[in-house]
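> As a plain string of letters, each chain reads:
There are 2 protein chains.
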Amino acid sequence: MAAKRTSEKETAESMGRRQREISISEFFLKNRHLLGFDNPRKAVMTAVKEAVDNSLDACEEARILPEIAVELVQTAPDRWRVSVRDNGPGIVRAQIPKVFAKLLYGSKFHRLRMSRGQQGIGISAAGMYGQLTTGSATRILSRTTAASARRVEVQIDTRSNKPAVLADAESDWRPEFPAATEGAEAATYPHGTEVSIEMTGQVVRGRLSVEEYLKQCAIANPHLRLHYRAVPLPKPGLPEPPAEPAWTTYERATGELPPPVEAIQPHPHGVELGVLMQMLKDSTSRTLKGALQEDFSRVSPRVAEEICARANLDPKTSPARVAQREAETLYQAIQDTKLMRPPTDCLAPIGEEQILAGLRKEVPADFYTAVSRPPSVYRGNPFLVEAGLAYAKPGDNPDLAADDTVRVMRFANRVPLLYMSGACAMTEAMESVNWKSYGLPHPKGALPVGPAVFFLHIASVWVPFTSESKEAIAHYPEILREMTFALQEIGRRLGVYLSRRQRQAEADRKRSYITKYIPHLALGLQEILGLDAAGKTDLETRLVRMLERAKDG
Amino acid sequence: MAAKRTSEKETAESMGRRQREISISEFFLKNRHLLGFDNPRKAVMTAVKEAVDNSLDACEEARILPEIAVELVQTAPDRWRVSVRDNGPGIVRAQIPKVFAKLLYGSKFHRLRMSRGQQGIGISAAGMYGQLTTGSATRILSRTTAASARRVEVQIDTRSNKPAVLADAESDWRPEFPAATEGAEAATYPHGTEVSIEMTGQVVRGRLSVEEYLKQCAIANPHLRLHYRAVPLPKPGLPEPPAEPAWTTYERATGELPPPVEAIQPHPHGVELGVLMQMLKDSTSRTLKGALQEDFSRVSPRVAEEICARANLDPKTSPARVAQREAETLYQAIQDTKLMRPPTDCLAPIGEEQILAGLRKEVPADFYTAVSRPPSVYRGNPFLVEAGLAYAKPGDNPDLAADDTVRVMRFANRVPLLYMSGACAMTEAMESVNWKSYGLPHPKGALPVGPAVFFLHIASVWVPFTSESKEAIAHYPEILREMTFALQEIGRRLGVYLSRRQRQAEADRKRSYITKYIPHLALGLQEILGLDAAGKTDLETRLVRMLERAKDG
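Protein sequence lines correspond, in order, to chains L and A. Sequential numbering from 2 applies to the first sequence in this note's numbering. Sequential numbering from 2 applies to the second sequence in this note's numbering.
Calculated from the structure, these hints are not laboratory results. Among these hints, one or two may not hold up.
Below 25 Å or equal to it, Euclidean Cα-Cα: the simulated PhoX-like pairs (lysine-lysine) are [what the hints assert, rightly or not]:
(1) A:K163 <-> L:K163
(2) L:K31 <-> A:K282
(3) A:K31 <-> L:K31
(4) A:K511 <-> A:K394
(5) A:K445 <-> L:K445
(6) A:K10 <-> L:K99
Quick partial rundown of chain L residues pointing at chain A, CB under 8 Å, derived from the structure [as the list claims (entries may be wrong)]:
(7) A13
(8) R19
(9) L35
(10) A59
(11) P90
(12) L105
(13) G121
(14) M278
(15) E329
Here are the simulated distance ranges between beta carbons [to be verified]:
(16) L:W248 <-> A:K445: 45 to 51 Å
(17) A:G352 <-> L:R326: 50 to 56 Å
(18) L:R482 <-> A:T146: 56 to 62 Å
(19) A:Q505 <-> L:P395: 55 to 61 Å
(20) L:A447 <-> A:T330: 50 to 56 Å
(21) A:E295 <-> L:W248: 49 to 55 Å
(22) L:K317 <-> A:A95: 38 to 44 Å
(23) A:Q203 <-> L:R230: 53 to 59 Å
(24) A:K445 <-> L:A506: 33 to 39 Å
(25) L:R303 <-> A:L167: 33 to 39 Å
(26) L:R482 <-> A:L239: 34 to 40 Å
Glycine included, every Cβ here is placed at the ideal spot set by N, Cα and C.
Only chain L is shown next, with the shape it has when bound in the complex (with noise of 0.2 Å):
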């Protein structure tokens, strides 16, 4: 019943008094939706997707092919167990707490890199909303050596948004995985992680649930293997169920590593006022000129000197000692000069091959293309587009209905994006497109109508979202212009397939036509002409060797 009462009239010291930090724990306690964590389904989905890519990006650099388990178990109406678990290097015991526990805590924040994590938020969010709403610690399993693994509870105090370890124990876990194949055995390694969250939840089926997020992140990780199943709580009324649900497994499509990928320093043109002046103050080199060529990419030796010059500075000056005023000179010099575009060999494509693999394996569909763009910049970041199709004849692929507007895969850095669709620039550039003049219906503001899969990814050192959750890309001209381009090269492809079907068609309702006329035809020639039975069916063989030839022609 205490209403407490702040209401009375307030001064500059009273109201002074009240002004306290809030953690960013806190913040996005109270504004998780912001993360992706605003009902029961998604969460699920959510968390199951952060502990995923965390363990793609962590075999990635070490360079292992990676083997993943995901495993949902009930443990009460509406509470799931969210387990994953990996083949990857493993996370030094020192590490475990903040990486797990600590909102703003990561390796891939600070540096431009194409890595599927950016922020350093999402499993300790998972972990945060798991505790929210069961009370429970997020638990993990770590093996980096053969010799011992590691078994650590976490959970996040909010109020300083730092770790708190409830325990921490050797452990001889080995990360074990189902047999791919039945008489197979089953895999184990020396290294890997597992990370197990509980939380109030839901597991749905249907195009926002996790079985679709997985299947998509095996088309657009094809040299990933990964298994997955989800265990409900019996049923009352009903029969138990089987005591261990079987596995689903993704194979892999290919058993080599996508290319590793280089971070890059910042480009000097898509660097602002503000980011300029600080990179100055932190900088170890000890003259401007230094400065410019090392913490930056493309500048030579004799561009340094050039943007000295313009900027009328000292290239031997110390960077930290450039004032405001210095500086701004300094950021007009640099937009004045020409520089080469940003290096792009930092971006690793998944490849037209690798696309049209992964698409053959999931999509069952008559025609495959796929798209791989020469990379481009946006903001004085590198990105590039790839885009892919899968058309099944209608009425072949009962997931795809003729009548039905098309189906959008959209991927960014490998990451399958389930939700937000409309406010993405992959949905724009789709609906952007003349799909008519390539032989597909497209009614005005929509996407285009046929029994078909589309697959867009962006691949980029930093990739624009739109929000936290990241399940949408900003619409930057440069990126909208991109896509464009790759789905209209795969709508060309489209049309020179559509049409040659259409021929075809034709021709073989020309053929039917002919193969149904011609033994009376024969018939009647048989009659005319007073040919035997023999001489007949030669006549008739002839007779379709021709109008063939005819209809060919």
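Since the structure of chain L is provided, determine the placement of chain A on it from the hints.
Coordinates of chain A only, in the frame set by chain L:
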């Protein structure tokens, strides 16, 4: 040229060494589109909005009738200095650096109270954007007593999210405001705050302009006197503009402040398990019963005992010593206990009268109406919805075309929301009402059509925004329902007006018909009956009267 190689094969150790904390400032600097600083136009608007929100909150808490001046001065082709001055209580010196140069710092996050600010991010983010794009500092003038004022300049150290003070001195500043009407004296106050931020920006006109924001602000805050001017640089080649462009002033519609609002304790049914556990841990009460009574709203001693009994816990136990398993039982017991709904005296509606006054002042129209709904609850948070309408006769108001969709002004805790209307629950509510039944054309899945402005306001102790930039309301069913009810009531009243207007129009048509033919009829009758001129006039008058009676009947 130095693209540093980090792509060698990594180990758990080498990856661990790269893990780092990310400051919240760095995070939002890189993701500043999340805060509304994604383009130069929106940046100026957002900065004005954050500063005005703070001024209004401070004035109301100190029970001062607010007077605010907003001045935009162009300093370079792509740069503006945004200054906002108020007659509020001022800010004590010790708090100035943190209030203006530290993200996640404030007095409003940790309490449940209706206010414009919530997060403790806005004004510091505006300063950070200014610093990023121009390298300049946020300048603050603050006068808390008649004795003296303080001039402070701050920047954010984004690495640590801590303020750096660049200047700090006594000042003789007195908050001064332009004269409201010609000949009147300018107002000077013994206290107030002024903040100035220089930033890369653009000042535009139209639906997403500072002007539009301020106009709507004046409508939703009829107790506010507001001055505005923009001072652009002279255009090359054009004659110099007058040295001092005039101020636009929005006068008060009322001299009364909104009623003071209470901060409330959270309602038990809106608290999740993890938060419950944290609250028990933090409680200053010695017993569980005391903690339930004091830290929550609507828990009487009797109800507290009922909850304890249901959870099988001793009411005298120390709240800090409730274990996780016990907390779960307690949580369930709370859910199972019937409680009064949260108190709603913590909400200050604008009120039907003030909404009407605001609309009449700024939107010329023919028909006005307003509805203030009783308070309701979502997720344990009290909220209420208000709606208003200004409907112009077609052609009367050049801003309101009869064949355009209606305009919707959206407000949250008296703050206008200009962006992201497509993602807002208010837009969904507007589209879901069957406007056709009230006489407005209404294309499916769109806003209705007509020369009208709708006003929608949500007041709550915690407004559920869809993003940090606070531009759209989340789609809670309880909120949508209240909005729909308010709009349906508006619709019924509009329907009555429209059908009365239609009857009126028909009557007018009939009357003009009568007026046209009666003289002819009288002339004919004069001949037939052989009347003199006076007799004819008398007959004509009586005919008009008779026919009008017939029409009205």
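> Compare the structure with each hint and give your call.
Evaluated hints:
Distance restraint check for K163 of chain A and K163 of chain L: the Cα-Cα separation of roughly 19 Å lies within the 25 Å cut-off, and the hinted pair is therefore satisfied. For the hint linking K31 of chain L to K282 of chain A, the alpha-carbon distance of about 18 Å falls within 25 Å, and the restraint holds. The straight-line distance between the Cα atoms of K31 of chain A and K31 of chain L is roughly 22 Å, inside the 25 Å bound, and the hint therefore holds. Taking the CA atoms of K511 of chain A and K394 of chain A, the gap is near 20 Å; set against the 25 Å cutoff, the hint holds.
In summary, the hint linking K445 of chain A to K445 of chain L is supported, as the alpha carbons are separated by about 16 Å, within the 25 Å threshold. A distance of roughly 23 Å separates the Cα atoms of K10 of chain A and K99 of chain L; the hinted pair therefore holds under the 25 Å criterion. A cut of 8 Å between beta carbons decides the hint on A13 of chain L: the least distance to chain A is about 4 Å, and the hint holds. About 4 Å separates the beta-carbon of R19 of chain L from the nearest beta-carbon of chain A, less than 8 Å, and the hint is met.
Here the hint on L35 of chain L is kept, as its CB sits about 7 Å from the closest CB of chain A, short of 8 Å. Taking 8 Å as the C-beta cut-off, the interface hint given for A59 of chain L holds, the closest approach to chain A being about 7 Å. The interface hint given for P90 of chain L holds, since its Cβ lies 4 Å from the closest Cβ of chain A, which is under the 8 Å cut-off. Below 8 Å, beta-carbon pairs count as interface contacts, and L105 of chain L has one with chain A at about 4 Å; its hint therefore holds.
Residue-level restraint check for G121 of chain L holds (minimum Cβ-Cβ distance to chain A is 5 Å; threshold 8 Å). Nearest Cβ of chain A to the Cβ of M278 of chain L: about 6 Å, under the 8 Å cut. The hint holds. Interface hint status for E329 of chain L: upheld, as the beta-carbon distance to the closest one in chain A is roughly 6 Å, under 8 Å. Take W248 of chain L and K445 of chain A: their Cβ atoms lie about 46 Å apart, and the range 45 to 51 Å holds.
For the pair G352 of chain A and R326 of chain L, the supplied restraint of 50 to 56 Å holds, since their beta-carbon distance comes to about 52 Å. Restraint check, R482 of chain L to T146 of chain A: a C-beta distance of roughly 58 Å satisfies the suggested window 56 to 62 Å. At roughly 59 Å, the beta carbons of Q505 of chain A and P395 of chain L sit within the given window of 55 to 61 Å. Our hint of 50 to 56 Å for A447 of chain L and T330 of chain A holds, since their Cβ atoms are close to 52 Å apart.
Separation of E295 of chain A from W248 of chain L is about 51 Å and conforms to the stated range, judged on CB atoms against 49 to 55 Å. Restraint check, K317 of chain L to A95 of chain A: a C-beta distance of roughly 43 Å satisfies the suggested window 38 to 44 Å. In this structure the hint that Q203 of chain A and R230 of chain L lie 53 to 59 Å apart at CB holds, the actual value being about 55 Å. The beta-carbon spacing between K445 of chain A and A506 of chain L, approximately 37 Å, falls within the hinted interval of 33 to 39 Å.
Distance hint for R303 of chain L and L167 of chain A: a CB-CB separation of about 36 Å, consistent with the stated range 33 to 39 Å. Restraint check, R482 of chain L to L239 of chain A: a C-beta distance of roughly 36 Å satisfies the suggested window 34 to 40 Å.
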